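*Asks:* Okay, here's what each chain looks like letter by letter:
There are 4 protein chains.
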Amino acid sequence: MGMVGGGRGAFIGAVHRMAAALDGQIELVCGAFSSNPARSIESGKDFYLPEDRCYPSYKVMIETESELPEGERMDFVAIVTPNHMHFPPAKMALESGFHVVCDKPLCFDMEEALELKRLVESTGLIFALTHNYTGYPMVKQARMMIRNNEIGAVRRIVVEYPQGWLSTKLEAEEQKQAAWRTDPKRSGKAGAMGDIGTHAENLAEYISGLQISAICADLHIHIDGRLLDDDGSILLRFNNGARGVLYASQISAGEENALRIRIYGEKGGLEWAQMEPNTLLVKWLDKPTQMYRTGVGELYPEANAHARIPAGHPEGYLEAFANIYRNVAKCIQARLAGEEVEEVYADFPSVDDGIRGMHFIDKVVESGNSNDVKWVEM
Amino acid sequence: MGMVGGGRGAFIGAVHRMAAALDGQIELVCGAFSSNPARSIESGKDFYLPEDRCYPSYKVMIETESELPEGERMDFVAIVTPNHMHFPPAKMALESGFHVVCDKPLCFDMEEALELKRLVESTGLIFALTHNYTGYPMVKQARMMIRNNEIGAVRRIVVEYPQGWLSTKLEAEEQKQAAWRTDPKRSGKAGAMGDIGTHAENLAEYISGLQISAICADLHIHIDGRLLDDDGSILLRFNNGARGVLYASQISAGEENALRIRIYGEKGGLEWAQMEPNTLLVKWLDKPTQMYRTGVGELYPEANAHARIPAGHPEGYLEAFANIYRNVAKCIQARLAGEEVEEVYADFPSVDDGIRGMHFIDKVVESGNSNDVKWVEM
Amino acid sequence: MGMVGGGRGAFIGAVHRMAAALDGQIELVCGAFSSNPARSIESGKDFYLPEDRCYPSYKVMIETESELPEGERMDFVAIVTPNHMHFPPAKMALESGFHVVCDKPLCFDMEEALELKRLVESTGLIFALTHNYTGYPMVKQARMMIRNNEIGAVRRIVVEYPQGWLSTKLEAEEQKQAAWRTDPKRSGKAGAMGDIGTHAENLAEYISGLQISAICADLHIHIDGRLLDDDGSILLRFNNGARGVLYASQISAGEENALRIRIYGEKGGLEWAQMEPNTLLVKWLDKPTQMYRTGVGELYPEANAHARIPAGHPEGYLEAFANIYRNVAKCIQARLAGEEVEEVYADFPSVDDGIRGMHFIDKVVESGNSNDVKWVEM
Amino acid sequence: MGMVGGGRGAFIGAVHRMAAALDGQIELVCGAFSSNPARSIESGKDFYLPEDRCYPSYKVMIETESELPEGERMDFVAIVTPNHMHFPPAKMALESGFHVVCDKPLCFDMEEALELKRLVESTGLIFALTHNYTGYPMVKQARMMIRNNEIGAVRRIVVEYPQGWLSTKLEAEEQKQAAWRTDPKRSGKAGAMGDIGTHAENLAEYISGLQISAICADLHIHIDGRLLDDDGSILLRFNNGARGVLYASQISAGEENALRIRIYGEKGGLEWAQMEPNTLLVKWLDKPTQMYRTGVGELYPEANAHARIPAGHPEGYLEAFANIYRNVAKCIQARLAGEEVEEVYADFPSVDDGIRGMHFIDKVVESGNSNDVKWVEM
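Chains as they are written, first to last, in this note's numbering: chain A, 4 to 381; chain B, 4 to 381; chain C, 4 to 381; chain D, 4 to 381.
Everything labelled a hint here was simulated from the structure, so no lab data went into it.
Any given hint could be a false lead.
Heads up, the list lumps identical chains together, so a pair's fine if it works in one copy or across two of them.
[To be verified] Subject to a maximum C-alpha distance of 27 Å in a straight line, what follows is the list of computed DSS-like cross-link-like pairs (lysine-lysine): (1) K179 <-> K270; (2) K270 <-> K94; (3) K270 <-> K290; (4) K290 <-> K179.
Bear in mind that the values here come from a model prediction, so they are computed numbers and not experimental data.
All chains should be built: construct the whole structure from the sequences, respecting the hints.
*Replies:* Here it is in structure tokens:
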């Protein structure tokens with residue numbers, strides 16, 4: 004694995020490295036960790052990389068690695084830069100024959116997104132988008148329960164993602180994470196909706212197997228002088244007639260990272276909360292609610308394949324994130340070996356999920372900007 | 004107290020009787036428990052009432068009681084009939100000089116509502132509406148914390164009220180509660196939004212001290228052949244600029260009575276859930292969340308005045324309901340004694356809350372019926 | 004109902020009155036609320052009693068009421084005094100033909116206990132002890148599940164009752180509740196173990212249907228100068244070979260009233276916590292844990308008969324307490340009518356539970372006082 | 004790192020590998036993964052090791068690696084075999100100059116334990132014991148809060164460790180984990196108390212800073228034919244006069260891995276549960292309970308140094324386990340660099356913790372075997 008971005012002080016770069024390392028299937032062999040060459044080398048040292056594989060730019064990295072013999076060169080590129088810097092390295096990596104793991108949202112705008120999709124299709128390379136919340140075992144279980152009609156046809160979905168960390172104008176205090184996320188030049192046209200709303204959208208569609216067909220959004224900026232939405236709520240209509248609500252907020256003071264989804268069908272409901280991820284509440288009409296738990300009882304193979312340790316030994320965010328990397332690794336290994344990967348592992352967010360997310364951002368901003376039009380199709 | 008409705012088999016009538024009895028301040032002295040005179044008498048026997056005070060109709064009750072000497076006749080009328088039968092007895096009681104405790108929503112439509120308001124104002128009588136959820140100690144605490152600016156200006160309110168009991172077409176099975184609630188002739192123009200959405204609206208405005216200024220609603224009927232909404236979501240804008248979401252659903256399979264509210268201000272957030280009512284979560288920017296509990300530590304007098312027993316001895320729905328009756332009793336006693344009631348007790352939902360609820364129903368239905376207009380002012 | 008004790012400022016007296024009033028089956032008709040005659044009358048006024056039925060002592064009350072005609076005199080006596088004052092009125096009430104509801108523990112020592120048992124047996128009168136925690140619907144459910152072998156033979160019981168309110172020397176601050184409970188002359192030979200340990204013992208035996216056969220106790224006084232145990236732990240052996248732990252503590256700072264029991268059988272386990280009493284966790288070997296809830300799904304008739312309102316409308320401490328009074332009322336009514344009471348209602352703690360509790364106190368103190376003998380039979 | 008044990012199908016070996024890999028500071032370079040040489044090589048292939056560093060035995064591994072040049076040979080040995088096979092490789096590793104990370108309990112009996120302690124002291128090498136539960140950030144926070152007297156002098160400790168997985172005679176079904184853990188020849192003289200009771204003991208002493216001074220144990224075997232305790236409870240006395248209870252059970256049907264500790268001081272109490280490890284409840288006398296959370300607010304540096312990602316992104320068992328490895332790596336790196344390691348990192352369970360655990364096992368078994376002697380000093 005070669006990494007673009009994620010030098011010292013970056014949050015998500017470290018997450019990607021730990022996630023990639025956890026299962027002993029992926030080795031970080033090179034990186035362009037910073038646009039500052041000296042800092043790239045410094046960062047590489049932290050990871051015990053030789054200096055000559057700490058590149059001054061993603062371009063140099065991809066060019067140089069391309070020329071290394073197979074088996075020696077990196078197998079894929081991990082892109083962990085701010086949103087506006089996803090597209091250039093992703094494009095170049097694909098064009099140079101490297102698989103890609105890319106942080107979400109896919110890129111800066113829909114034009115880039117479609118270009119990436121074309122490239123993935125034309126090259127046939129693996130492209131994974133780290134909508135990491137789909138990596139949790141209990142999310143897999145929820146998806147399979149709905150797919151197998153355990154709760155009946157879905158009628159209602161409520162997905163919420165409140166955070167509180169942007170309750171003050173953090174971007175004015177040179178907080179790096181806040182700075183780029185609230186900057187339309189680096190983040191794109193949406194703020195909270197792009198950063199975390201897309202996770203909520205992705206999770207709702209992933210678990211339910213449905214598609215959002217129309218939205219009605221109210222976006223707001225609560226902090227004076229902020230440039231992108233920090234809070235928003237959306238009425239949802241799904242392609243099967245189900246209704247729902249999605250909201251994403253970064254000014255919900257006192258909330259940490261409280262992604263939560265509830266899906267109700269004709270016979271029962273499911274509830275999953277990211278902050279207690281090893282529990283899936285399964286609610287029934289006139290029967291006791293069940294607490295499905297990672298590792299307990301008969302779960303779907305899709306759930307069990309994404310857990311590592313026995314029940315009651317909590318697995319968390321990094322393990323879910325690692326599931327994406329592990330699955331990518333399995334797919335790459337299978338390709339190298341000319342084999343089919345087992346179906347349970349051939350499951351990670353793709354460029355299509357990325358396209359869907361960019362579309363969601365477009366439509367949410369369109370709807371949020373209108374005080375007149377009620378429903379925007381999606 | 005004389006009761007209209009609430010004979011054998013009624014749900015809310017029994018709740019009112021228990022709530023009224025709990026504190027030993029109110030005695031049930033008569034009733035018109037059923038429109039069937041024989042059944043009214045039978046029901047009255049269950050409550051150890053003499054036959055001659057079990058009336059065949061509210062009219063006879065109010066007339067007859069009016070002629071009894073003071074001190075012997077009922078002091079107030081409790082109305083626990085389906086919505087379409089709130090207005091007639093309420094009107095007559097007020098016109099006959101009796102205070103009124105009325106179940107919610109206030110009445111059938113806005114015209115009736117305004118007439119009741121006029122009567123309450125012209126007679127100066129006490130009129131209480133049993134939006135019982137405002138009776139919980141931790142709801143009082145939340146309201147006082149916001150009033151005293153403990154969490155800063157409110158930015159976001161999420162209030163949700165999912166139930167699952169109408170997930171099937173219960174009204175077709177002669178279930179009495181389902182039958183009238185889904186019947187527009189008895190329930191009014193809204194279903195779930197009238198039955199429980201008004202509780203959510205009332206709670207949000209009561210705790211926050213704000214008013215909803217505009218709404219954008221999506222109402223839906225999920226059960227074929229049902230006549231009123233059984234599920235709906237609303238985007239909210241408040242008069243101070245706060246944003247939010249309200250939803251009420253009776254097809255959220257597996258949910259019991261899961262009213263929950265979260266209010267976020269500049270400095271922190273509050274979370275209260277009716278099903279675990281003795282806890283108020285108080286969340287802070289960068290400080291540990293606190294679990295305020297009924298009876299623990301320094302709470303506002305308004306909270307303490309509505310709890311009866313020491314911390315850790317859970318008080319529930321009936322106790323909160325009883326707080327409304329107890330406060331009404333205190334107010335009536337104070338009037339009889341020519342005294343002022345203590346301020347902490349002069350707090351129960353009024354005819355104005357009822358007007359507000361009826362207005363909410365009107366506007367929600369108006370918004371829900373439109374696929375074009377986005378925002379309806381309220 | 005006539006009440007002994009429970010005048011202004013008393014905690015448990017008010018609880019008994021609310022519990023008795025809730026269901027409209029019991030009327031407070033007289034009382035000896037205080038050993039101070041003037042205060043007894045004052046207290047009686049609070050409850051709207053005529054002065055001539057506010058007696059200066061329990062003796063006068065029982066004598067005077069005995070002479071009233073049937074139908075006019077009280078039907079039973081409720082005793083809510085400190086422990087050392089349970090026996091005299093209970094004895095006299097029984098000897099005078101009155102049924103008795105008595106607060107727990109039964110009395111001051113075993114001698115009194117045995118005398119009461121003899122009297123209950125010889126008179127055939129109803130005697131109820133308010134081990135109120137057995138009144139919760141989910142406690143009934145747990146008991147029935149074990150009785151019907153749903154979790155298999157019981158192997159392990161953990162029952163704990165931590166409180167924190169005696170973490171400081173409250174009895175030195177003239178706090179009435181603390182003063183008598185820490186005074187061996189009024190409380191008896193045990194402190195925390197008598198006050199709340201007996202509840203834990205009673206609950207464990209009630210739910211499990213087992214009897215504790217041997218104990219090994221460590222009692223301690225953490226507050227200098229306190230005269231009775233404020234903290235203690237006990238190893239338990241049950242008559243079927245099950246093992247377990249019981250502890251009761253009033254110096255567990257920050258705990259409210261955290262009675263909790265877990266019972267494990269061959270096939271599963273049950274967990275119930277008094278502070279969230281409408282939930283019963285049912286855990287299974289290799290199957291998801293179930294959350295049984297008051298009012299949800301198919302519960303035993305014994306559970307349903309002790310709930311009043313639909314699922315999700317929390318019932319609490321007073322409702323559970325009221326279940327004892329309601330059952331007593333049903334039993335008295337049945338006797339008066341010469342009928343059998345329905346079996347589900349013929350269930351409240353009896354004088355035998357009281358004897359068992361006094362025996363428990365004796366044995367715990369015996370074991371706690373010994374640093375040598377390991378096991379004390381019980 | 005070279006590993007002893009932990010071949011295909013082993014549970015704890017995989018945990019150690021993931022924990023070691025997570026932070027990119029430790030590389031698995033060799034192993035003796037199985038006593039079967041072919042299987043050792045096969046296992047090594049899974050980890051991408053060259054065949055010549057997959058050794059047929061720990062002896063060959065240590066001998067061979069000793070002869071490799073510094074920088075090339077392993078830096079330390081990780082021992083993940085069943086208990087009876089801890090001592091031989093640990094001894095040889097230490098004698099050969101290798102640091103050691105060893106699974107718990109330390110070894111088979113006290114004699115071995117003391118020998119290891121002598122070797123650690125004489126060689127000055129680093130020896131870490133994976134009492135992994137001490138690696139959680141909130142455990143560090145709890146320890147520091149008590150050390151800084153935030154809750155006052157400790158009065159009561161309740162530590163419990165229920166599991167249910169040995170509720171049936173799993174060892175008869177050739178379940179590898181069950182087989183050795185219930186076999187006195189491989190596990191030692193204690194069953195549940197050795198396997199998980201030692202974790203509970205270690206955690207209680209680690210957080211409280213106290214030592215258990217006397218115990219009174221009741222051990223039991225619930226499954227016919229099982230050879231070691233599967234359930235036990237212990238009364239505890241601590242060296243400062245605090246009292247408490249410890250229990251460990253593997254027949255608590257339906258429990259996963261429910262290690263939980265509550266510590267009460269004069270001013271407040273702490274509660275931490277392993278299955279929800281990012282929350283530390285801090286309870287106060289007459290103030291609201293606080294939920295301390297990993298990453299939220301001002302925590303002790305010792306807590307923050309053991310968390311990797313922002314609040315609300317749950318870290319779990321593997322991350323806590325990895326903290327021990329990361330700290331060992333930091334200590335080894337510091338030694339190699341001739342520097343002092345930062346104090347917050349110089350914290351992992353040592354051979355002394357191991358000695359303490361072996362002593363605990365000895366004394367618990369002694370006490371558990373006696374029906375006469377009440378207190379056994381420890």
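*Asks:* Hint by hint, note whether the structure agrees.
*Replies:* Hint check results:
1. K179 <-> K270: The answer is between: 22 Å across copies meets 27 Å, while 46 Å in one copy does not.
2. K270 <-> K94: neither (46 Å within a copy, 43 Å between copies)
3. K270 <-> K290: Both. Shortest intra-copy (10 Å) and inter-copy (20 Å) distances satisfy the 27 Å Cα cut-off.
4. K290 <-> K179: Between copies only: 22 Å across, 49 Å inside.
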